[in-house]
Amino acid sequence: MSTRRQIKANIIRYIFFIFAFVSITILCMILYFLVREGVPVFELVSVKDFLFGDYWYPTSDPPDFGIFPLIAASLLVTLCSAAVAIPLGVMTAIYLAEIASHRVKEIAKPMVELLASLPSVVIGFFGMVVVAPFLQNVFNIPTGLNLFNASLMLAFMSVPTICTISEDAIASVPAELKEASLALGATHWESLVRVILPASLSGLSTAVILGMSRAIGETMVVLMVAGGAAMVPSSIFDPVRPMPASIAAEMAEAPFRGDHYYALFATGMVLFVFTLIFNFIADYLSNKHRQVGASTL
Amino acid sequence: MKINLLKAVTVFFCVFCLSSAVLAENLEIKGSTTVLPIAQKAAEAFMKVHPDVNISVSGGGSGNGIKAIIDGTTDIADSSRFIKTKEVALAVEKGVYPVPFGVAYDCIVPVVHPSNPISNLTSAQLKDIYMGKIKNWKEVGGEDKAIVVVSRDTSSGTYEVWESLVMKNERVFPGALLQASNGAVAQSIAKNKFAIGYVGLAYLNDDLRTLKVDGNEATMENALTGVYPISRVLYMFTKGWPEGTTLQFINFVMHPEKGQKIVAEAGYVPLY
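Protein sequences, first through last, are from chains V and W. What the first sequence shows, in our numbering, is residues 13 to 309, in sequence order. What the second sequence shows, in our numbering, is residues 202 to 473, in sequence order.
This is chain W alone, in the form it adopts within the complex (with noise of 0.2 Å):
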């Protein structure tokens, strides 16, 4: 009698999976890491408020991302940039209007050790600094002491942002240190009185002076304004205006009190 009940649940919850299987929604979303965990974290939500959606996000990069969209192999393109114009024109051409939605700031602040006396230093200055140029803090005002450069490996989302909106492209000179997480970056940065690094927003803590640039000062409210010159708005692509499934995990993530809150947890500015 036992058994035989055992098995009746046991068929029924199969039929159950089997038959929400077929009736659950797939969403496809793709592309930049830098995004990944904003929509790894948003799609594991969303699909706790949805048990019916099932939504798969991997990385492979932005230009994969949009590739994606255009070629309409994926519902949602993560992207750390916005969208080129070959890649408007590819997508015209395809009959396919990708349509952004900015999701979240990345915003990068340049650090030192508390005990250093530099409070502002101007764009130009960090670039030379992190080009070698610069060699020692009294250059930029401080002790006569040799700067350690601390920077992050040359795949990560946050270097990006600092080689393409403070080195313009220039390299990081070979001598600076390598450090593979923002963690890592704080850490050493604390431990070091004549070091700088840098940081996402939400890695700061007492340990660590946050630098001005050019006068401006890292705040949510500045980057937001754009008046802080190191930070970048985080894209979602959709194929068109999104619709259904789509739209609502958009919505989702758009959310002050949803997806925002998650893009603050992940370590980004929210729009909010």
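Bound-form chain V, shown alone (with noise of 0.2 Å):
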């Protein structure tokens, strides 16, 4: 009888095994395949060039391939939209955990997840179409299409996941702490800012990053409403082109194996950098203001 069930807790780990080993291995293969498929334009332009390189025509004769303002408008977007986003996420976060009402929240926090599920389609055609008409009216810009529209969108699809983990983080706070903190006569928002947002520190950083790291891939909002100009933006009100919308929106036409889509997918290369180290922060975080008992702060 013991056997039988031996097997049977066997046979499930196995499968669980080939799972787990099957999706590691087709990352693996599809991190072989960015590579091969990146790697060859160097020999057309050193790397330096590449990431530096102030143009970026790809299809004229010859072709200059310069990321750099791609590089910057990637950049320059997430810290926008990473500075609408953490003040809104984390303070709709502590709202939720700490401050409002049983009743508020069990509608608010639904609300705010719903907003996760929004298409970035939908968001994108949102900033085209509603959103950068009013932007050309209000400041009288030339056009509604940039740096600013495209933070605000992206902005709008971080919030959701940087409230939400930091709500957690905030809620897994143990109580002692708070209760300890009121019960020595500091005041409800004294023992907020002072014991329960420290503590929860490594959860809100990891939010924070991994909110910021989505704002850095995504493709579909910055290819609608950045305005796709590819130059270094001098205003906050310039349309940039950051490297996902460069890459969705000449892939498909790029010739097969031409020097084009070798530099279109050294482009994925670099971004796939740039959140990997994201994410290598974010772990990091976590790690090192991990909350190890009640009593360690």
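I should point out that these hints are in silico values taken from the structure, not numbers from a laboratory. Here a beta-carbon is modelled for each residue, glycine too, at the ideal position from N, C-alpha and C. It is possible that part of the hints are untrue.
No more than 20 Å apart at the CA atoms, straight line, and that leaves these computed lysine to aspartate or glutamate pairs for DMTMM-like [as the list claims (entries may be wrong)]:
{"no.": "1", "chain 1": "W", "residue 1": "268", "chain 2": "W", "residue 2": "288"}
{"no.": "2", "chain 1": "W", "residue 1": "287", "chain 2": "V", "residue 2": "250"}
{"no.": "3", "chain 1": "W", "residue 1": "369", "chain 2": "V", "residue 2": "76"}
{"no.": "4", "chain 1": "W", "residue 1": "285", "chain 2": "V", "residue 2": "73"}
{"no.": "5", "chain 1": "W", "residue 1": "394", "chain 2": "V", "residue 2": "271"}
{"no.": "6", "chain 1": "W", "residue 1": "369", "chain 2": "V", "residue 2": "250"}
{"no.": "7", "chain 1": "W", "residue 1": "268", "chain 2": "V", "residue 2": "250"}
{"no.": "8", "chain 1": "W", "residue 1": "242", "chain 2": "W", "residue 2": "458"}
{"no.": "9", "chain 1": "W", "residue 1": "336", "chain 2": "V", "residue 2": "250"}
{"no.": "10", "chain 1": "W", "residue 1": "413", "chain 2": "W", "residue 2": "364"}
{"no.": "11", "chain 1": "W", "residue 1": "328", "chain 2": "V", "residue 2": "73"}
According to the in silico footprint, chain W covers these stretches of chain V (three or more CB under 8 Å from chain W) [said to hold, decoys possible]:
{"no.": "12", "segment": "62 to 73"}
{"no.": "13", "segment": "139 to 153"}
{"no.": "14", "segment": "226 to 240"}
{"no.": "15", "segment": "258 to 264"}
Two independent chains are provided; combine them into the complex using the hints.
As structure tokens, then:
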């Protein structure tokens, strides 16, 4: 009887192993493919010229493969969206976890999470048709499809991520800490700022980084609302072209295994490195400030 | 009894499929991605009428298509440009005589917002606007507002036409906005009073104001007579004068009621 149960357990274990193995293998193959298709471009341009070149003219003769404007655009869009999304997301999380009454929380939390399920193309369309003309009229700028618009739309997309994870982090701070703080005579506000937030710092920073890595990899929204000018912007209202937008717009028509094709894959590699860095930071932060026991802070 | 009947039907069906696969004629079409939508739709319609013919259509660019004709690896090559002297020499050397068929016109129209007072620009002005030399509408007789230049992604066929016929192979300046499709350009021009863009003839609508180029209006007639400057012919090349199925397919594409209707549906200017 016990052997049969053991066999069954073994079979189940192998099934799980196979599933895990398959998904990791597929990931590795995608990575291999990305590198294999991206590296040949460096026979044409040096890594330095590729990363820091100012001009992106992949189809002219002779071509220029400089993605600095695209990298700058990606970073700026992500930073600006973080500047909007972090306060919004974290403060919403604090409100939901600590201040809101039970009934408000019951309604508000699912609604924030609903934001996450909005398809990015819908957000992009909203930015293009509603926000862009609005910005154009209010700020009297030539085009509403710009860095600022893209940042706002990306912020919409990362707020749910930041909010949900932050809320979990704050809610998981042990009740003893809060109770102890209150018992010592601290007000609710004081215990919130001095005790609860520091205790949930690792969760909060993970939330922020994950939100930002969602923003930097997002394609549809930036393709639709960032404007797409391949230059380093001089103001927040200038159109920009982040890396994913460039890849999405040009990949379909780039000649298979041509220089342009390789250059787009190399851009994909750069993008991958950026998201990887974000994930490493998130991982590092969540390990470093880990709440080990209720008493450690 | 029922099962046997089912088996019989299945076997019959399999045999039928196999035999038709053996008998089916294969037609290979390769080349320009600009002509691809025409070739694709025409192939689908043709195969509906001739179920015994199997047509495979692929892109790869005009150069690759013509190279395939020279090497004999395709029956029809799509091309958005005429064959080059070098390619002709190479073909003749290999004993191949490429025959061109103009199947459609590709016509690109500059457009602005309907509220824009400008109705005509010269080719030189268009070029300067897209090079970033002319930055304000007042320089071409409009309001004192910055021009928002909308362009297409560099790998699109539409951009290719614009680059060769308007830009004369100069570069579009980096500050130009990029949209990934004709539809997206039309959309962004309709939403921006001070924008200029260019779209294929099929994408014009009431939310856009079409500009004359050098005083010539972009109409089908002007494209066909060559008066309108920003248009080009799209070709299909065959290896020698076409025969058999290839001839049938070319005739299908050139037919005013069949292939040319598809040309118009695909957003290009038909020959008739």
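Here is how each hint holds up against the structure:
1. 268/W - 288/W: holds, 8 Å
2. 287/W - 250/V: Given that 20 Å is the threshold and the Cα spacing comes to 44 Å, the pair is violated.
3. 369/W - 76/V: holds, 18 Å
4. 285/W - 73/V: Holds. Residue 285/W to residue 73/V sits at ~17 Å (cutoff 20 Å).
5. 394/W - 271/V: violated, 37 Å
6. 369/W - 250/V: violated, 27 Å
7. 268/W - 250/V: The hint is violated at about 43 Å.
8. 242/W - 458/W: holds, 14 Å
9. 336/W - 250/V: Between residue 336/W and residue 250/V the Cα gap is close to 15 Å, so the pair holds against 20 Å.
10. 413/W - 364/W: With a Cα-Cα distance of about 18 Å, the restraint between residue 413/W and residue 364/W holds, given a limit of 20 Å.
11. 328/W - 73/V: Distance ~18 Å between residue 328/W and residue 73/V Cα, so the pair holds.
12. 62 to 73: As far as the segment 62 to 73 of chain V goes, the hint holds, because 7 residues have Cβ atoms under 8 Å from chain W.
13. 139 to 153: holds (count 5)
14. 226 to 240: holds (count 4)
15. 258 to 264: As far as the segment 258 to 264 of chain V goes, the hint holds, because 4 residues have Cβ atoms under 8 Å from chain W.
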